[in-house]
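Undergrad: Given next are the chains, with one letter for each unit.
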Amino acid sequence: MLKPIKMVVHSIRAAESAMLVILLLGMMILAVAQIAMRNLLGTGVTWIDPLIRIAVLWIALIGAMIGTREGNHIAIDLLNQYIKGRWKWVVERLANALSAFVCAIMSWASILFVYDEYLYDTPAFGALPAWPFELIIPIGFSVMTIRFALRVLLPSQEARV
Amino acid sequence: MNAFLSSGILLAALLGVPLFLVILAGAALGFHSSDIDLMVLPIELYRLTESSVLMALPLFAFAGFLLGEAKTADRLVRVSMAALGWMPGGMMIIGLMTCAFFTMLTGGSGVTIVALGALLLPALRAAGYPEPFSLGLITTSGSLGLLLPPAIPLLLYGIIAQQMDIVAVDVADLFIAGIVPALIMILALYFYGLWANRRAPAPTQKFIPKELWLAFLESKWELGIPVLVLGGVLSGWLVLSEAAAATALYVLIIEVFVYKDIKFGQLVGIMRKSMVMVGGILLILGVALSFTNFLVDAQVPEKIFDMVLDLFQSKWSFLLFLNVFLLALGAILDIFAALIIMVPLILPVALHYGVDPVHLGIIFVANMQIGYFTPPVGMNLFIASYRFNKPISELYVATLPFMVVLMLVVLLITYVPQLSLWLID
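Chains A and B, in that order, give the protein sequences. Counting from 1, one number per residue, gives the positions in the first sequence under our numbering. Counting from 1, one number per residue, gives the positions in the second sequence under our numbering.
These aren't lab readings, by the way, just hints derived from the structure by calculation. Do not rely on the hints blindly, as some may be mistaken.
Calculated cross-link-like contacts (lysine to any residue; reagent style SDA-like; alpha-carbon spacing at most 25 Å) [claimed, not checked]:
(1) B/Lys273 x A/Leu30
(2) A/Lys88 x B/Lys220
(3) A/Lys3 x A/Pro129
(4) B/Lys220 x A/Ile146
Stretch by stretch, here's where chain B covers chain A in the computed footprint (C-beta under 8 Å, at least three residues) [what the hints assert, rightly or not]:
(5) 5 to 15
(6) 18 to 25
(7) 46 to 60
All C-beta atoms in this analysis are idealised placements derived from N, C-alpha and C, irrespective of residue type, glycine included.
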């Protein structure tokens, strides 16, 4: 791979990992802080609960993005057990191409969705707009589209970007 | 054209397209053919953020992966062997009980296999059980506690039934009704396990009080986890999602700072591994929401049930049909989605046949429980295949005998309503 591409790939991976760490630790600490505040001060913070619920969505998509790179998704692998050689190659490419196609449709639909939410200024919680929180859907599916497409085009080893 | 595309989607599933994309494609196709804008797909996916309980999934999974990477399994084997090793099939009964216990708290969202599988599989293997048996036992046990309070599916059934306002269903009654059937299931699996390993029974240990005490001291922090979860939830001090957060933080602290089994450097890797799995499961859940909506829009469930109503004359033939139907449904559909769609349809019909509504709730969840590991598409099969890195066909074979045992129990529960109802009346 070319050096600049390598750098981009590495920074994407680092960003994914960093996000996961922040989201998970943040969820734990905020939720436990919420319990502590409720019991010690008798009050809670209203934005913690919706923020954590959004964090779950982000975790879902970032997890799936990484899972796509690693070829590690829940799938019916019945056929794959019984085929070998060239047919396996063909089936894998076909499955990845179909996956890329479905992800592309979802990317497009979610770009329109987030843009709509931006135009109408839909609120998430408090005075915050919803669209930045929803941004992970188009980002996640676009990255998955690219990753599935690369798995069609490149040999298996190099496609793990 | 539509049938052509639908079979295309089925074929895609067989080719190995990830399940969440197969369901997504099905929903997209359905909405598109009903002239509904595909923007509905991300809208439905965003509905994942409506549920507070869901955060329990990543947090319990992370805690489970941490426990899996630490030497928890060794400590747990030691203490359980010391406590129950003198019993025939001691490790097995521990596996069954811990799984039932975890599922009971998490509502069968796949957390059990994710969180406990890494712990129980090596423990069962170390206790001398063959791999297929151990895999089958864990995969089956992944939905074992669904009937035990505070079982979320039973709670959901009660809420839906109450909303329908055609018959009074008390959630507390449902909880009590589930206890005996759940215990029968655990015992049936235990006795089957003893029978299956009769030729090479796992070695039993002599009971040594001192060893039990030492093993207890060694694993006391980890034995505190169920106390934290169950105590927090049952006392009403914590809701399940909070208990999950507290558990994850607690496990992180004891494994990194007390037992020192996990180094700081390993944490990112463990987080990534656990969240890849959770991401896969959550996305399936998220896209199932929109697929379910499409089915309801298309009135598919109603059409099917209208046909059925003409077919069955007696209560018993209806119940038998219900068993088969729910089993298949549980294999295809997420249990919560299935409950939300099917209870409003089935309950009036079941009342028409004279089925007690509390009994129906138990039948419903008991069947769904088996549906979790019904081939070819039961969710727990995929999760176990994923978790243990085994081909799914191997899990089909490993799980089948356990499935037969539980099916017999479900038939018993279905045709002897007293098993569910005698504690209530």
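Undergrad: Now look at each hint and say whether the structure bears it out.
TA: Now for the hints, and whether the structure bears them out:
1. B/Lys273 x A/Leu30: Holds - the C-alpha atoms of leucine 30 of chain A and lysine 273 of chain B are around 22 Å apart, at most 25 Å.
2. A/Lys88 x B/Lys220: Since the Cα atoms of lysine 88 of chain A and lysine 220 of chain B sit roughly 49 Å apart, the hinted pair is violated (cutoff 25 Å).
3. A/Lys3 x A/Pro129: violated (38 Å)
4. B/Lys220 x A/Ile146: Cα-Cα ~48 Å, so violated.
5. 5 to 15: Check failed, 0 qualifying residues.
6. 18 to 25: holds (count 3)
7. 46 to 60: Since 10 is at least three, the answer is holds.
Hints 2, 3, 4, 5 from the list above are not met by this structure, while the remaining hints are.
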